[in-house]
Amino acid sequence: MKSILTAALLIGCTSLYAQKAPATDSADGKFYSKGGTNRALNIDAGVTTSHTVTIKGQTVPYKVTAGSLPVWDDDGKVIAGVFYTYFERSNVADRNARPLVFSFNGGPGTASVWMQIGYTGPRILKIDDEGYPVQPYGLKDNPNSILDVADIVYVDPVNTGFSRMANKDVQGSKFFGVNQDVRYLAEWINTFITRYKRWASPKYLVGESYGTTRVSGLALELQNSQWIYVNGVVLVSPTELGIERDGPMAAALRLPYYAATAWYHKALPADLQQKDLPVMLQEVEAFTIKDYIPALAEGGFISDARRKEIAAKVARYAGISEKAVLQNNLDIPTGFFWKELLRERGYTVGRLDSRYLGLDRKDAGQNVDFNAELTSWLHSFTPAINMYLREELNYKTDLKYYMFGPVFPWDNTGNRTGENLRQAMAQNPYLHVLIQSGYYDGACDYFNAKYSMWQMDPSGKLKDRLSWEGYRSGHMMYLRKDDLATSNEHLREFIQKSIPKQGQAAKY
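FYI, the numbering for the sequence shown is -20 to -1, 1 to 488, going by mature numbering (1 follows the signal peptide of the UniProt record, and there is no 0).
There could be a bad hint or two in this list.
[Unchecked claim] With a straight-line cut-off of 30 Å between C-alpha atoms, the simulated DSSO-like cross-links for lysine-lysine are:
#1 Lys36 / Lys477
#2 Lys376 / Lys106
#3 Lys106 / Lys380
#4 Lys36 / Lys154
#5 Lys461 / Lys120
#6 Lys477 / Lys461
#7 Lys43 / Lys477
#8 Lys481 / Lys177
#9 Lys270 / Lys246
#10 Lys303 / Lys246
#11 Lys106 / Lys43
#12 Lys246 / Lys430
These aren't lab readings, by the way, just hints derived from the structure by calculation. Predicted model only: the values in this text are computed from it and were never measured.
Working from the sequences, and respecting the hints, build out all of it.
This is the structure:
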């Protein structure tokens, strides 16, 4: 498990039916073998339950189907079952006009649990207002869910959640790679919208972390191989999307994140500390673009005076010593920063959310012992998703729910997903993109997300359909109560504004 988790972190949430729409209530054990246990996925079956939730003061009745649908190879042979949970508002007069959201998390190798019970779903896990675990574990209604304006499908790619390959003879290489992933998932989405008669619905793709790579690739793959055109793509804490930024660029773009983290931990000089976060970051971003990148580009030939001048500024913004900056040749590795920032206080800071503190065996050294935020998240999410699926949604299986599943080796060759998304936007005038970033995310940092947005469309012709929002939290910004409300509202507004007016043609 540890090796799976480590690998995943390196790459940047009653009625039976089978091959038909859900009917009415039942939990009759068909998921089980005669021996009373089932360690294999029932590839084409599901269970449906009915519920209500209050969202923004309005009662919203809905039904949930937890189940799986097949993946076929080119010869029509079933090679896998993809598990999903489908949330559908019940009191809808015109389902054709109702938006449909497909939600994916990342890894690669992680299930859709995070956004399902942390962000957009109608039930979310019990945590405190800043996102830390509390006991007893459990769930509560989400008054900010987007279910009031859109139906939602949370999808677990093969070997995540309850999704599995059909048998041991199926090769993982059919699924485990940037391009393999989007190909079979595009086919699966086609199957889903056919089964549930959602061809007419406005469609959206939401991805988090590596899920942003996935949905960026899917936007074009759906158009080119399935002739499915989506209205919107949401990138939550996006990866680099195959957009190159080696050398000085990669080093410099991290600085605004360092400054945000240092500001949060009150490690900056008083004049910076007293500024509001976005105001302070504007200053750091300007320095990064105008001074830091050119200085790093000079490498070892930068003058001593200029080197010292830049080191002093970087130290001022990053909250660490000028000596440490100089010893790293002006290029501060992220691992070193997480160890160094609060070293004198005896703490490390988290990678995916640098608000979180860790305790290492010793304060000396260059790298942290563990990711403080991830242990906290697994602490609270794992019990909650198992309670939710198995007890509240009545999905009966003895399969382990893979929070992080075995999907390695992962084939990263040919990752052009940022360019794929640009091409999808160019081909589809209806397609809008929203990017959401947490200021304290050190894995997929906010300024790199801005850079990707800028570089994705060098012509500037698509910028009226590209937008970015920042939040005062980390990789999963929605775990902080205030940002849960704000980020969901941004999603709601994005969905509503990206649906064309009746009769509006898709043309330039």
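Hint check:
Using a Cα cut-off of 30 Å, the hinted pair Lys36 and Lys477 holds, with the two alpha carbons roughly 19 Å apart. A threshold of 30 Å between alpha carbons decides the hint, and for Lys376 with Lys106 the separation of about 23 Å falls inside it, so the pair holds. A C-alpha spacing of about 22 Å is found between Lys106 and Lys380, which places the hinted pair at or below 30 Å, so the restraint holds. For the hint linking Lys36 to Lys154, the alpha-carbon distance of about 43 Å lies beyond 30 Å, and the restraint is violated.
Annotation: proposed proximity of Lys461 to Lys120 holds, straight-line Cα distance about 13 Å (limit 30 Å). The suggested pairing of Lys477 with Lys461 holds, with an alpha-carbon distance near 25 Å, which does not exceed 30 Å. A hinted pair counts as satisfied when its Cα atoms are at most 30 Å apart, and Lys43 with Lys477 qualifies at roughly 26 Å. Using a Cα cut-off of 30 Å, the hinted pair Lys481 and Lys177 holds, with the two alpha carbons roughly 22 Å apart.
Between Lys270 and Lys246 the CA atoms are separated by roughly 26 Å; this keeps the pair inside 30 Å, and the hint holds. For a cut-off of 30 Å, the pair hint linking Lys303 to Lys246 stands: about 20 Å separates their Cα positions. Of the supplied pair hints, the one linking Lys106 and Lys43 holds, its CA atoms being roughly 22 Å apart against a limit of 30 Å. With a CA separation close to 25 Å, the supplied pair Lys246 and Lys430 stays within the 30 Å bound.
Hint 4 alone, counting from the list given before, is not met by this structure.
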